[in-house]
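Join these two chains into a complex; the hints should help.
So the sequences go chain by chain: F and R.
Heads up: the first sequence runs through residues 1 to 254, numbered per our numbering.
Heads up: the second sequence runs through residues 255 to 570, numbered per our numbering.
Source of the hints: derived by calculation from the structure; they are not laboratory data.
Keep in mind that this is a model prediction, so the values were computed, not measured.
In this text, a Cβ means the ideal position worked out from N, Cα and C, and glycines have one as well.
Hints are not guaranteed to be accurate.
Unchecked claim - Derived DEER-like restraints, expressed as beta-carbon distance ranges: (1) R:R332 x F:V26: 36 to 46 Å; (2) F:E97 x R:G293: 31 to 41 Å; (3) R:A302 x F:F32: 43 to 53 Å; (4) F:R244 x R:E562: 38 to 48 Å; (5) F:V195 x R:A366: 45 to 55 Å; (6) R:Q442 x F:L100: 53 to 63 Å; (7) F:R21 x R:A375: 17 to 27 Å.
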Amino acid sequence: MMRQFAQLVRLTAVFMRLLLRDHQLVFWNFGFFLVLLLVFLGFLSGGESAVRIALTAAIVTIGVMANGLFSVGIGLTAARKRGVFRRYRLMPVPFAEIMLASVLARTLVVLLAAIVQVFAAHLLFNVSWRGGIAGWLAILTMGSLTFGAIGFLIAAFAPAVHVANRIVNLVLIPMMALSGTSLPMTMMPASWAKVHWLLPAAPVVDGLTAVFVQGDGVIDNLWRLGYLGIWALAAYAIGISGWRRYDTERMESE
Amino acid sequence: MMEASPPLALDTVVFARGLRTLGDARPSLAPMDLDILPGEIFVIVGRAGSGKSALLESLVGLRPVAADQLSVCGTDPRRFAPAVKQRIGVAPRGASVERHLTVEKALKFFGAFYERRLETASILETMDLLSVRHRPVHALPPSVAQRFSLALALVNAPVVLFADDPTRDLDPESVLRVRNLLRMRRDQGQTSVITTDHLEEAERLADRIAILETGQLVDVDTPARLLARSHAPVRVVFDLPKPAIDPEVLGRLDGAVGTAVRRSDTYAVSSRDGFATMRALIRLLDQHDATPRSLAMYQPTFEDVFFELTAGAQSR
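For reference, chain R alone in the conformation it holds in the complex (with noise of 0.2 Å):
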């Protein structure tokens, strides 16, 4: 089902061997296996429903869970244990807290619990909560509510931070913020595992990505290895007002795949061997006395990728 993957250190922050969904819970997880390394942002990246929010609750105890082996911080979560609550943090979908607890109050309320903390007027600053500090958590508008509960996660300066979909529903201000947040702790070597169905997201902030399909663990690596591997075309795109050229006749450049598409004055072509395609489209230019607009080469995308691979796990 998977590629090789790199070999992977033995102080994982999270091991799992066989981890699947215990009973017939929804949305299921086929047996997969994963590692987590220290100071890692690791991303899980999939589209909606396939299983990234029940994943993620699977790892941190908030889900029932079946694996042949499990570990996150070198204990089990299914069993209670507070060492390991200690540290780490987590952002889960529709997690709140009591009603009438003040932003600030909710913070030095579950603060209280952890033996590590941060100052609480720090995660007000570090998560653009100081202006809403006396405000009740269950009047905050979303996007401020997904910042917070964020900062909740974060009140006992996890190791590992554990974060459903922590951009959604951000304004592009806030979403920088989390970003800068995630790359900092990456920085400090903490680790934080996160969930998106952004895939760009993904991309950027991703020192490895899971793509999980319809409960399947489809592949895991950086983004780069991810593109490396990809069988997607490159596409050799041009603008060509006059003379109009026949999207078969493109088609049948060397490399080229399938037919080209013309939209307006632009041409896209998909291609096996984008220089060969090139090479042979200047000829075929040359031959119409034609000069385009602009010439390019796109390389595939994680967006690409992701697709392809997901593909063939539905496929399956």
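Only chain F is shown next, with the shape it has when bound in the complex (with noise of 0.2 Å):
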């Protein structure tokens, strides 16, 4: 059991540093928020201190959102469509094992992402928390972990990366619309801002903006992760039954 457990961690390692040497995808998690905090924090917050933690909020749970989708999504669709899975079939080590370690190197990019993001608003544009890190970065895991799972359930069913794709891109801009993380709730009929906060992102989106304003910890978001970790668990579940059909039907059209 250590045996295995010390494997996966290793294999997760060699994946993480197989993903971030990829430079589109770097740029992608990385460099295309943080332009985005620089652009929205610097210059069209009005220094507002409220404002810069609205839009910190915002951007970190887009950034969850869209790189947990395409990286984990659209990754692994294009990896298995190039026969990259079918090399890891003949490996002496469980094909879930290599699957679950590329899958967790994917979501930790995500991760790692994020907590970046959330570190540059702080020493950039003073953005704080009131609540502990502990707070922020147990909903930026869940989110992740989400995120990365729904990716993964995309990628189990979509049978090319252009409808992985178009997937991805029918999830996430009606999530980023009314989730509450690109358009204010106020926008929104009544009706909807009573049940928005069954789209996945938007507890991510309202734990960050309670941990950084109200100074909510782990415990007041219990409620919120738990939400998330039913989320993550479903796709997961859905996704494991699908790569399992890929496995049996799908393998010779490959």
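Below is the structure:
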């Protein structure tokens, strides 16, 4: 058991190193959202602390969403279509372990990028958190796991990269608009504002705002973390069944 | 369906009974028995779409397959068996590696999974990859990518190598390199199982050949035995500028079968008894007071045998 865990950690570390060598992936995960932070917090916030906090929470949430869906969803679909998993299937390591390490590495890169964004907002624009680091770290970890899981689910069923791309955009754009991430809830109908939290992006942006503004900690956000956990578990469970189907039914067509 | 095979050793590296496609996967494999012996070069030959790759992938666990009994290196490849995967090397079609891995780093990365592994430098040299060692794998041209795929299959010094069409896309020098590699492995007692649709390659390399046609295993034997079993006719070929001889007359010579073929000054007579036809032909030429520029008798080639055997399978 310990040996398997050590092997999983080693594999995850190797995959993370490989991912961080991908210039495109590094730009979209880290560079693009840092530029967004610089532009919005530096030039468009009017120097108001409350606006900067709201923008930070929104940009970081969009980053977690977009990076989770694209890095995991499109990344895994592209790897599958290129035949990378065919190669891994031949290795003397359980395939599930390799897949887990691959998904974990991609999720950790998403989390790392979000942490860098929060610290960048803190260091460059004095965005502070009244709650502890653990509060926003827990929200970002669960957010990354959840959107990584949704990406995993998309990759399990998308027959091609361009299809995965369309599905990701179909999920991402409405989620950005309706979850309170890019448009304030005050602009939404009151009835929608009451149920918007059902979308998994809402607990992330609301949770971050609660930690930054109200000083909420992990305990205060437990229901949000739990709700994200349910999304993650459901997406992984359905995704695994999809990948198993791929194992036995679609291999020959790849 | 098959003629009697030679006695088989009990310690086969591949032992399959009733191996067949699972469900309605395509191309489908009809139930077949297969034994591959230690230290041989076993070549699976067939037309495109005959099921060569499907058979090879079934043996290494890349494709779901049904079988009454199936073992590779003593273990069923349908179950995850790290011990088997440690001992085999596979160069399948359509398998790739993570983007941004260079040739050398990919060999080291995949080599790290194995308990026993060859020096990366020696694999690079064996497969003539030293000059591209720092290039990303995804940017390799097809011929180099093919050599890289074989190199990856060799990282663990496999007891059994499974390679799907290993000389495809290769230049003549690389083809020679791969052939020498397979022969060297045989000399060291290691088994190689390859697929090809090049009949000449199969005949040259194989200790035993499995002929596959539309998913059916038509025959398995040594190239020499397959040739000996052939009913394909011998060809008597001669070159005669003058006088012209009627091909129908040639078709009535002793042992001749069918009508002879004439192309320009060259005549070809198919025969069930080459020597009888040759004697009759010489008598005929004497009668015409004609001296041919050349006269030769050709035994059936492996190509003839292949088409003869697979024609039978197609008609079934």
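- Task: Could you say whether the range 17 to 27 Å given as a hint is met by the Cβ separation of R21 of chain F and A375 of chain R?
- Result: Cβ of R21 of chain F to Cβ of A375 of chain R: about 23 Å, so the range 17 to 27 Å holds.
- Item | 43 to 53 Å as the expected CB spacing between F32 of chain F and A302 of chain R, which holds or is violated | Since the Cβ atoms of A302 of chain R and F32 of chain F sit about 45 Å apart, the hinted range of 43 to 53 Å holds.
- Query: Does the Cβ distance between E97 of chain F and G293 of chain R fall inside 31 to 41 Å?
  - Reply: holds, 33 Å
- Between Q442 of chain R and L100 of chain F, does the beta-carbon spacing fit 53 to 63 Å? violated, 37 Å
- Message: Given a hint of 45 to 55 Å, does the C-beta separation of V195 of chain F and A366 of chain R actually sit inside it?
- Response: Since V195 of chain F and A366 of chain R have Cβ atoms about 50 Å apart, the given range 45 to 55 Å holds.
- Hint check for E562 of chain R and R244 of chain F - Cβ pair distance inside 38 to 48 Å: holds, 44 Å
- In this structure, is the beta-carbon distance linking R332 of chain R and V26 of chain F contained in 36 to 46 Å? holds, 40 Å
Going through the hint list in order, the structure does not satisfy hint 6, though it satisfies all others.
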